[in-house]
Each structure stands twice: as C-alpha cells, then as structure tokens.
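Residue numbers (the numbering used here), protein chains in the order written: chain A, 7 to 206; chain B, 7 to 206.
Please keep in mind that the hints were generated in silico from the structure rather than gathered at the bench. Mixed in with the good hints there might be a few duds.
The list treats identical chains as interchangeable, and a pair is accepted whether it falls inside one copy or across any two copies.
Simulated crosslink set (SDA-like; lysine to any residue; CA at most 25 Å straight-line) [claimed, not checked]:
1) Lys95 / Asp65
2) Lys80 / Met161
3) Lys137 / Met52
4) Lys80 / Ser185
5) Lys169 / Asp200
6) Lys95 / Leu25
7) Lys137 / Val106
8) Lys99 / Met121
9) Lys137 / Leu202
10) Lys116 / Glu165
11) Lys137 / Asp51
12) Lys137 / Thr109
13) Lys95 / Asn26
14) Lys116 / Gly76
15) Lys80 / Asp160
16) Lys99 / Pro21
17) Lys137 / Arg201
18) Lys80 / Leu25
19) Lys116 / Ser78
20) Lys169 / Arg201
21) Lys169 / Ser49
22) Lys99 / His15
23) Lys80 / Asp142
24) Lys137 / Glu198
Okay, here's what each chain looks like letter by letter:
Number of protein chains: 2
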Amino acid sequence: MRDFVIIGHRAVTSPDFSLNDLPGSGGRMDVLCRCINSALFLSHDMRRDVRVHLLLLGDPDPGIIVRFEGSSLKYLNPDERSSGSLIKKSLQKNISDIQVQSTPGVWIRKGNLEMLMEEFRDTGRNIFYLKEDEIDIRASAHLMDDGIFIFGDDMGVNEDEEKLISGYEPYVISLGPLSLHTDHCITLINNELDRLVVDK
Amino acid sequence: MRDFVIIGHRAVTSPDFSLNDLPGSGGRMDVLCRCINSALFLSHDMRRDVRVHLLLLGDPDPGIIVRFEGSSLKYLNPDERSSGSLIKKSLQKNISDIQVQSTPGVWIRKGNLEMLMEEFRDTGRNIFYLKEDEIDIRASAHLMDDGIFIFGDDMGVNEDEEKLISGYEPYVISLGPLSLHTDHCITLINNELDRLVVDK
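Assemble the whole structure, with the sequences as input and the hints as a guide.
Here's what the structure looks like:
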C-alpha cells in the first residue's frame, strides 16, 4: 500500500466552487486534482494499491479529509476537472467525524493533520516527508515500500505542520536538485516504488 | 536545451473546442495540456531551457505544430485550462507554413512529424524515443543532456510513426517497469536530466 497525504491550505470546504475555475474559486484545488492524477493513474489502468488523502483547510469549514481509494475508485478520468468534480460531489454530503462514501472509492469526513498522523502511527508503517537537500530518494528507496508520504501544496508545509510531522519520526528525503510541484514529486515516488517492487 | 515532442492524434486543429471539455471537444487536448505542465513547471518557477512541440493531428485541418518556448513564455499557469487557453488562442491565428507567435513564447505553424524530425536531425542532437522493456533511462542518462524526446499521446505512437522515427536512429529507452502517462514520463525525464546537470 502507498498513502499520499496532501495538505491543501486554501482548498475550499464547500461544494460551491466552479469546475471552470479550480485555481481561483477552488482555492488552488487544481493542485490537489493534479496530485490525484499522478498518484493514481497508470497508462490505461489505475494504481489499485494507492490511497490519496486530501486535507482541505480552506473556508468556510476548514478541516475536512477527502480520501481517494484506488482499490475501489470509479468514475475518475485523468483530467483535472474530473477529480475536481468528485471532490465537489463529496463536499455535497453531510460531513461529520464519521466518514461517508460520496461516490465509489471517495470518502469524506472531518479531520486534521494530527488525526491523520495518529492513525498512520498506529499502523507502524514508515512515514516520509520531503525537504530539499536531504537524503536522496534513491538511497532510501528500500525503506519506502508500504510508505506514507506527507506533502504540502504549492505553499509547502508551514512551520507548525513541520513541527507536528517531525513528532512522528518521519524519514526526511529529497527528490533531486530542484524544487518541484507536489504532483511531480508523487510521480517520482511512484516510479521509485515501481522499481522497488520489480527489484524484489 | 531539452525538446519534448508530443503527437496528439485526435487533438483538434480548430479553436472551436471548449475549455470546459478538453478531453471530449478538444480531442484529448487534456493530455497535451498536462504535458505542457510537466515539461515546463518548477516550483514557483519555469524551466527556461525547455521547448515543447505539440503536433495536432485532429480535425478539421490535421498537421499543425504548436510550440511552447520556455525561454520567452508568458501567461501560462499550471492548470490544464491555462495551457488549453493558450493553445486555443494560437489556433485563432492565420496558420501557414511560416510560424507566427500567438502569445509570448507560443508559436504556431503547419507541419508534420517528418518535418520536425528533419529539423532535429539537422541539429546533430541525440533523439530519444520511449518503449517498454528497453534500456533503462538511468543507464543512458549521460547521453540525454541536450536531448530531443518524442512521445505519443494516450494512444501511443502508431506503426507508421514508429517507422518514421526509427529512420532517425533514435536511442530507445525505458522509464521503469510500468506503462505510464506521457506527462508522467516527461516528469521522470526532467528529473533525470536535473540530476545530470548537478553531477557534472
């Protein structure tokens, strides 16, 4: 299993955003939509062993987690508008602490980063966090099988979030010499993990 | 310099497609838009040493090349709709064999794959073509600096195109054990090239 968490600092928590303006009205929802694509799509196939957790922290009701489960996901196409549409549908549900399924493979509930990190700690799996100038992914790939990967959006991860994540003893890794978009980072991690499976 | 060519087999050659339906009305224009993103974007920056050549082969006027020049590109945002909008604007020009600039860094002209390949051959640079189960990118990275990379869209490269490309003695490389979307392939190649520059 691979879990990708993306923190959407301005991602709106109401279904009233426009699919014609995901960056503006959606609070950079386009960033999260591209992460859905890079995490889940293979050529003419879907990664069934991947889960994506979108943490929506924008107005009007910050603190919502939308989870895409590769194993049971339906109705997702590769374009941004398609994942945007499934997120919008999930936000139309009655959202509480108890998760509900809005469409096959898409779940929504109230929640925050700490709650997610606690749940992940309970699994005993390795947690990874990206930072420039850290240990290169190619030197730590052997630890990454079954990994949990925590990302910021276009604003990165703020100081409080970094402090929180650091409390869970993550491996801190780097993907190369340049600073990249989160969806590009996910593509690189998926490729490294694909290579790992074959090398086994 | 890095050049990425993407063959859009159904990509429409009229500006009459809807930005609200890039996959349908645009003839899978969404695939090309995602390639623009993965080829050109860095975190809060743009890759100025990258050129993307979109070969549009859909109706009504198949055989148009739209070129995005990282060095002079303006008005491009990371979302699919943004690159779709620049492509749409370029298709509104009077298109002939002589290239015209539609917006800063976006050029359009009539053309086909053979014409592009001839132009690339004249540069003397290495040409790369992707295929599964070939030599791994990590073993051929040293040849890729200043490379030209030819891709199909979601339909891949057809037999005639493969035959044509093969006539230009390309290096045939592979990116890993699984078959990936073209934009994900471009992200992996960019990362490999980024690492190469640093290792120099």
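Tested hints:
1. Lys95 / Asp65: Only inside one copy: Lys95 and Asp65 sit 17 Å apart there, 34 Å across copies, limit 25 Å.
2. Lys80 / Met161: between (30 Å within a copy, 22 Å between copies)
3. Lys137 / Met52: Between copies only: 20 Å across chains, 28 Å inside a chain, cut-off 25 Å.
4. Lys80 / Ser185: This pair counts as between: shortest inter-copy Cα distance 20 Å, intra-copy 33 Å.
5. Lys169 / Asp200: neither (30 Å within a copy, 30 Å between copies)
6. Lys95 / Leu25: Both: 11 Å inside a copy, 21 Å across copies.
7. Lys137 / Val106: neither (33 Å within a copy, 42 Å between copies)
8. Lys99 / Met121: within (21 Å within a copy, 53 Å between copies)
9. Lys137 / Leu202: Answer is both: 22 Å inside a copy and 20 Å across each meet the 25 Å cutoff.
10. Lys116 / Glu165: within (22 Å within a copy, 51 Å between copies)
11. Lys137 / Asp51: between (30 Å within a copy, 17 Å between copies)
12. Lys137 / Thr109: neither (34 Å within a copy, 36 Å between copies)
13. Lys95 / Asn26: So Lys95 and Asn26 pass the 25 Å test inside a copy (15 Å) and across (17 Å) alike.
14. Lys116 / Gly76: within (21 Å within a copy, 41 Å between copies)
15. Lys80 / Asp160: between (27 Å within a copy, 19 Å between copies)
16. Lys99 / Pro21: within (9 Å within a copy, 38 Å between copies)
17. Lys137 / Arg201: Close inside one copy (22 Å) and across copies (16 Å); limit 25 Å.
18. Lys80 / Leu25: both (19 Å within a copy, 24 Å between copies)
19. Lys116 / Ser78: within (21 Å within a copy, 44 Å between copies)
20. Lys169 / Arg201: Intra 31 Å, inter 29 Å, cutoff 25 Å: neither.
21. Lys169 / Ser49: Between. Shortest inter-copy distance 22 Å satisfies the 25 Å Cα cut-off; intra-copy 37 Å does not.
22. Lys99 / His15: within (21 Å within a copy, 39 Å between copies)
23. Lys80 / Asp142: Neither way: Lys80 and Asp142 sit 35 Å apart in one copy and 33 Å across, limit 25 Å.
24. Lys137 / Glu198: For Lys137 and Glu198, the Cα distance is within 25 Å both inside one copy (17 Å) and across copies (18 Å).
Checked against the numbered hints given earlier, the structure breaks hints 5, 7, 12, 20 and 23 and satisfies all the rest.
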